[in-house]
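Listed below are the residues making up each chain.
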Amino acid sequence: MPHMTLDRTDLPSLAQALAGQGRRLVLPVREGQELFYREGADPAQLDLSTIPKNSIKEFLFPKCEKILEYEYSGNDVVIEDVAPDAKPTVIFCARPCDAASLPVVEPLWNWDYKDKFFNERREQTLLVTYACRTAPDEACFCASVGLSPSADQGSDVMLYAVDDATVAVRPVSPKGKELEEVFSKFKKGEVSDEALEAFAKEGDESLAHRKPLDKVKGWLEAHFEDPLWEEKAFRCIGCGTCTFLCPTCHCFDIQDESVFDGGCRLKNWDGCQFPLFTLHTSGHNPRDTQPKRYRQRIYHKYAIYPEKFGKILCTGCGRCVAHCPVNLSLYDVVATAQERAEKGE
Amino acid sequence: MSDRTDKIREVARKWLADGTVEAVVGWEQGTYGEKCSPALARTPEDADRLLFNERCTNNLMTYLKRDPVRSMAKVGIVAKGCDIKSLIGLLQESQVEQEKVMVLAVTCEGVKKDDGTVPVKCQACDVNTPTFFDEIAGDKVASNPDPEARAKELEKLDAMTQQERNRFWREELDKCIRCYACRQACPLCICDRCIAEKNQPQWVETSPHPRGNFSWNLIRAYHLAGRCVECEACETACPVNIPLMLLNRSMARTVKDAFDYEAGRDPEVQPPLRTFNLDDDNSFIL
Amino acid sequence: MSESPQSETQTDGAGQPEAATSWEPRIVAFICNWCTYTGADLAGTSRMKYPPNVRVIKIPCTGRFDPLFMIKAFERGADGVLVSGCHPGDCHYTAGNYNARRKYTVFKSLLETLGMDMDRVWFSWISASEGGKWVDTIQKFTEVIREKGPFVEYREMIDVG
Amino acid sequence: MENIYKPYLVRIEEKRTETYDTTSFKLAFLDDDMRENFAYHAGNFGEYSVFGEGESTFCIASSPTKKGYIECCFRAAGRLTKSLAAKEVGDVIGFRGPYGNRFPIEDYYGKNIVFVAGGIALPPVRSVIWNVLDLRDKFEEVTIVYGARSEADLVYKHELKEWEERGDVNLVQTVDPGGEGPDWKGQVGFVPNVLGEAAPNAENGIAVLCGPPVMIRFTLPVLRELGFRDEDVWTTLENRMKCGLGKCGRCNVGEIYVCKEGPVFTAAQVAQMPNDF
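Protein chains in written order, with our numbering: chain A, 1 to 345; chain B, 1001 to 1286; chain C, 2001 to 2161; chain D, 3001 to 3277.
Chain A extracted, bound-state conformation:
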């Protein structure tokens, strides 16, 4: 099947056109030495040179979200339900590892109890993903977790830069297909399926040095107590950068904040790397040392979540590798686990 193409230079106008339908626009722009997905950024500033430092998580699961309002009057309290601030949104030129994080976390937000805040935002979000031809950063390892630099999981529309001047468009979801009309305004030509095949091939080749991580779960399950945790995680300073930049980390805190007689209840990002995360009021802390907390993060991603929801809680985006201030690489740790499993250790 042929795919429509457009000029690469038309991408900002395309972003504008998609946003023009009453959507808020999120796209990657440069700030200093790094890229960030930003809401309301100027489409002309669209920068596709590498993977942004933040993930798209904050647009579906904000760092601080109101979930309830309350007001006291005498003995009584009046509580007010809060509607999620779920504006129609287009995330333009998300990376495949970011888009793929959504189907990974959806089961979590929906087992038994459905979190309307995530779900309504998800429903309102249109994901236009910019396929990576090859891994854009040395830290990337999406191929190791069953994805690829051009994976389309979670995306509504895929964009492929088939050459320096041309971008091919491939709608993926029904939501994406409905947008044909918008895209067709920018149509310049067509390319065949083969043009896109290069992406799969080159993408996989660029990550050939990365290991598959299929044996990690088994190894972890048998090595809860292992010298590896102390050995690797002694250097962890517990900064939580890995959890906050991660597209799939979803842990949160609930806090009340009042001014005078009323206030609101907020759902804030939280992370397993902080001692307070699991500290009981009694003073007991099940994860009282940094290696235990680091182990929890690896377990949650590679053993617990796959067991529970059938998916690795990681899309191999590499942010926790690239931005760890002490270069404690998650990939190195799980690759070590894989290696040991392969050797039967």
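In short, the hints are calculated from the structure, not lab data.
Glycine included, each C-beta is placed from N, C-alpha and C at the ideal position.
Any given hint could turn out to be false.
[Claimed, not checked] Among chain D residues calculated to face chain A with C-beta under 10 angstroms, some are:
id, residue
1, E3002
2, M3034
3, R3035
4, Y3040
5, E3053
6, Y3069
7, I3093
8, G3094
9, G3246
10, K3260
11, F3277
[What the hints assert, rightly or not] As a list, the in silico DSS-like pairs of lysine-lysine whose alpha-carbon atoms are at most 30 angstroms apart:
id, chain 1, residue 1, chain 2, residue 2
12, C, K2133, C, K2148
13, B, K1007, A, K232
14, B, K1140, B, K1175
15, B, K1140, A, K232
16, C, K2058, D, K3082
17, B, K1152, B, K1074
18, B, K1198, C, K2058
[Said to hold, decoys possible] Simulated coverage check for chain A against chain B, where a stretch passes if three residues somewhere in it have a Cβ under 8 angstroms from a Cβ of chain B:
id, segment
19, 7-20
20, 207-220
21, 252-262
22, 267-279
23, 314-323
Since the structure of chain A is provided, determine the placement of chains B, C and D on it from the hints.
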């Protein structure tokens, strides 16, 4: 550079072999780009992993405040001149006992950040050859500090009106996600339980909204006033790129101007907010 | 908590968004037990009049003053904050106010760096005998704040979400 | 879609000071429909909130056989529980729940039951105790071993008296050595030892065990010695929770989310878990 690596390994091996120290904290080759990573050498063999190069950016003194290093009877630590300033701060505040630390100093021409640029602290460095140590690796490196390097950073801020500064910081601090990476990376943030984690009463709101972020960033900078040695670890660790060093440098400038004090110089001198002069500036008080 | 700005500002029930016409400056004064508080008392017993816009919070000594107090006051809707204690040399605890002065210097500079409106942050030394100076200070401060209007820059931060 | 974080409003109908730091509440839903129809099981827990302070997790201490209200009992220890303890009759607080799994009471029919509780851990057991006592005919021998550090630390004292006076319950109370007053009539000694001496019938027996980790650690071997199988020893795991809904990521022990698959587990299940609690 390799001479320094050799010397570090030699000294670390010796200390570990003869039981001078339980472990040596140093740097080893990292796995992402040219990055180096903190390393813990517990045996003489481990010492051969240690190295020094211009990518050894981490300030290892932050490990003195956390386990397993904190609970060791005696530990060796590899340190650049700038890192030693942090140690001096810790000694001044009795956070570390000098007898428990062996400093393996390393001379340094300056390090490079992940993006290849030279940190301001290196442009302004006057401790390329450390003076406070037990052993030193590397030949003397002459210091050639740019006296304006630090001040230049503040020019932009100084040029703003009050309203512009307010807007500037509101925007910057709105980015804060309250991960506290700045605190965790800082060797001088030494509280076992940070004020931001105390909830009875909740002085600093933990939510990453403008009000909470303002309080947190303000109190972090305040608690480091007169203590911060401008190692830049906080700004480097910040995952959302808040220019924290602007706040820290501004505080350092105030402390220098008002109390003629520079942090991290002399372990015998009282930190400025632990003491006072009868004739301190009184002009702003009615 | 009984002496904290939190309980003080919470119980006065103020701080609701007011119409511009009904707005009154809200000033929180952290004052030391030995000098300024006694000075304010003297003003009262001498039947001197001063604006009712000030909420007094007694602290044992200006040395006890923590910038968090001021931040909390602004968070809870103060338009101005005054910190006042014994004159240099008069501290009941010998040197609390000298230590406080260093803290003020640093904290004031930090607030300036952050672009806070420094007309809303006042420091003073008022002794037990200076009831008149207390009255004077409060009058002037209230006038300044009244002229400036509500602390909009901070109020904007109070509205969460 | 419903807001899963929105609590029900409940009014404090009764407040009792159980010990110097422990308070119990009887709570009634403001909503008539909820008051009539709120259903739960022994072992379920809830999120109790003081608006402006936050939420805290603890069990429902009343038995599901009692309709129209719920009860809770807590120690004032943290920010939330302290402000909760300051609430008075007539005040309104929030409640989310019931969450978690339950004690499978039906499976205990026709069996001997021993309840073992220490200190503030009586409330979760109390829910089961009343559930059993309200259906007393369905069970064989019922033994309750309850201990605390001192007499002052015993909660639900008025109910202990009631149970003591009942002919169909064998209540053994104990306090740690040194914790007894001059009028103390119960035992003196640690719960595991006292349990061993009480020697409840393990034949066709079920044990329900709640207490601080150290008590549990020493009680489990005693129960085994008495002949209880690990599959018949039921206990609850406590972990810090925020959401109670299996989302916030705190309470897991290995792949078990305590808030959803717990808090009730058998000793056999606990033995299988990684040492992360």
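Which hints, by number, does the structure contradict? Violated hints (numbers, rising): 2, 3, 4, 6, 14, 15, 17, 19 and 20; every other hint is consistent with the structure.
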